[in-house]
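Enquirer: Got chain A sorted already, so can you dock chain B onto it with the hints?
What follows is the residue order along each chain.
Number of protein chains: 2
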Amino acid sequence: MIAMKPKRIDSRANAGSSELALIAHIRRRASQTSRSGLRLGIGDDCALLAPRTGEELAVTTDLCIAGRHFRLDWHPAESVGHRALARGLSDLAAMGARPIAAFLSLGLPRELTVRSGRARPWVEGFLDGLLTLAEANKTPLAGGDLAESPLAFADIALVGAVPLGKALLRFGARPGDLLYVTGTLGGAAAGLARLTKLAGPPQIPPAPPPRIPKNLAELLAPHLYPQPRIARGRWLMHRRLATAALDLSDGLSTDLAHLCEESDVAAEVDSEALPIHPEATLKQALHGGEDYELLFTARPTVRIPRGIAGLPIARIGRIVTPRSGQPAVTLISSQGRRPLKPQGWEHFS
Amino acid sequence: MIAMKPKRIDSRANAGSSELALIAHIRRRASQTSRSGLRLGIGDDCALLAPRTGEELAVTTDLCIAGRHFRLDWHPAESVGHRALARGLSDLAAMGARPIAAFLSLGLPRELTVRSGRARPWVEGFLDGLLTLAEANKTPLAGGDLAESPLAFADIALVGAVPLGKALLRFGARPGDLLYVTGTLGGAAAGLARLTKLAGPPQIPPAPPPRIPKNLAELLAPHLYPQPRIARGRWLMHRRLATAALDLSDGLSTDLAHLCEESDVAAEVDSEALPIHPEATLKQALHGGEDYELLFTARPTVRIPRGIAGLPIARIGRIVTPRSGQPAVTLISSQGRRPLKPQGWEHFS
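Those protein sequence lines, which keep their order, are chains A and B. No gaps in the numbering here: position 323 of the first sequence is 1283 in our numbering, and each next residue is one more. No gaps in the numbering here: position 134 of the second sequence is 1094 in our numbering, and each next residue is one more.
Bear in mind the hints are in silico, worked out from the structure with no lab data behind them. Don't take each hint at face value.
A pair holds if it fits inside one copy or across any two, identical chains being indistinguishable in the list.
[Claimed, not checked] Calculated lysine to any residue pairs in the SDA-like style (CA-CA distance at most 25 Å, straight line): (1) Lys1157 <-> Ser1284; (2) Lys1126 <-> Arg995; (3) Lys1301 <-> Ala984; (4) Lys1174 <-> Arg1078; (5) Lys1098 <-> Arg995.
Extracted from the complex, chain A is given alone in its bound form (with noise of 0.2 Å):
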């Protein structure tokens, strides 16, 4: 690591007093957070972290590039730095870990670091919605790297605890099993298409995001703030409830696609058992990614809640034996059978 430790980088050259500025308020955000398994944070050649006796360490890391999983001219900053942590704490939930640390590393441009007229700069958005979700996920940011770069882009590392040979994995489900999802489906596409309304036709120079109205923030949030489900994951895995499990990136026609493969098994899925988010469509619900719900697979003799810790589940389908020459997924409907095929989340380019 280099650029979080501002000891380090004072003496460089191309070290301006902004970027000196903004690390020590990273620093100072940063020693905040709860700090549960965080022995040493920034300002050492690496963090230190100790896991709990009979834990392990599950690790993840989530890469977001301006144009493709964000754009400055629709997103708020607050909303981007909120979704760059998100994405890797929905795969920590996934497993059933508990977040221990994060890290940070951020290719800027000058212009989003330094303050434009009475705007504060772009990048102190961007961290108080990171360390926003950050802080109320009790997870230390606890290192990375920083560089002035043409092109802006966070890449996150995760990492996360979990107790050994407990982790929610994505093979598993077997011939039998139920089909589970927590939460809503489809708020994350519905969001992104009220956003690009909002955002109108791409300008030169890129017009800032647009401001959201109050009367939209809610229904905008499953995009711009959606929430990673740690506390449920962890509850499945305590319990051993779960023959497979992953997170809703990709959107449910794509995941579900995954876990078949990696279990090696079909499934079917019951259309009028969806949760649809009540502002989305049958198609955004089966197809439209970073919803960040749980998507698991439990057998039929165990007792799945109607919901975990106030969040909903609901039981959606069932895993049947793949066949050749069949789809991997059919959606069933009063309209009979079709082939679900993956149509997932594409990058904004």
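Expert: For chain B alone, kept in the frame of chain A given last:
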């Protein structure tokens, strides 16, 4: 994590066959590396790592951006991959940690992932350099992310393990301690100076990096293929000989200033005792970065050998009491004493 799960991305509209082939190539190469400590690698929502009982985890991330940390018209692809990993491995070495797993996030313009005429894709050379160093240091590639990007960059997270409470830290040096360095200094800066001469002035479009003549390969190696000192760091950690340690990434003058600041001490360096690389100048030895040697302090009563595992160790000075208004680091030579100000590593931009 997304892109290193080929089953998750093959349904995306933008996942071309070259991207899939690349991920398959990475998975194949990654699976060949020794995997002690890695329980689950590329393929699920997270990788799972199991440190041994009584160990804690050391985590570091390092960002490399084209035009800033490397240049596509200077550095062979193999060197870019090697250097990207070497930075983080050197951070682990500086803590005395053994590597457990590496995570690679890679943003690449499309032209670097496809064949150009008879030359193989740039990214294959990058991976060769990275994975060869990973294999030499028993560091499995356990996951990561991959995305098309107008700018080439790599962010690498490294996880290592070290016995609880035994990590080498930057603070702990005390007045009276002696100052040591492994290997030689300035070789990387001397190599870089030769490389820039070979490459000549920038061209539009950028020229490919220069062919390295056989007789220069050895002289350029300290810059193109620096060797992180994992074994020496672990040797120092196990024997509890060092009171403080870090790796020389920014140059002796800069890194020693950090050690002094973290330990709240001052230091004197004996100019004549410096193990200057045979091709390097005194200035390159004092200020040239990226040698990735270990700088450490030890009590004067402790016997430090003249070498560890075949690598020489030089005693280059001592730790003294800091005085207000006095420089943190003083260089002593036959011509007298002079302040050694931090003049470390600068980016290529």
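Enquirer: Next, verify each hint and record whether it holds.
Expert: Status of the hints after comparison with the structure:
With identical chains, the CA atoms of Lys1157 and Ser1284 are never at most 25 Å apart, being 43 Å at best within one copy and 61 Å at best between copies. For a Cα distance limit of 25 Å, the shortest separation of Lys1126 from Arg995 qualifies both inside one copy, at 23 Å, and across copies, at 20 Å. In this homomeric assembly, Lys1301 and Ala984 come within 25 Å of each other (Cα to Cα) only across copies, at 23 Å, whereas the closest approach inside a single copy is 48 Å. Taking the shortest alpha-carbon separations for Lys1174 and Arg1078, only the intra-copy value of 22 Å comes in at or below 25 Å, while the best inter-copy value is 57 Å.
With identical chains, the CA atoms of Lys1098 and Arg995 are at most 25 Å apart within one copy only, with a shortest distance of 7 Å there and 30 Å across copies.
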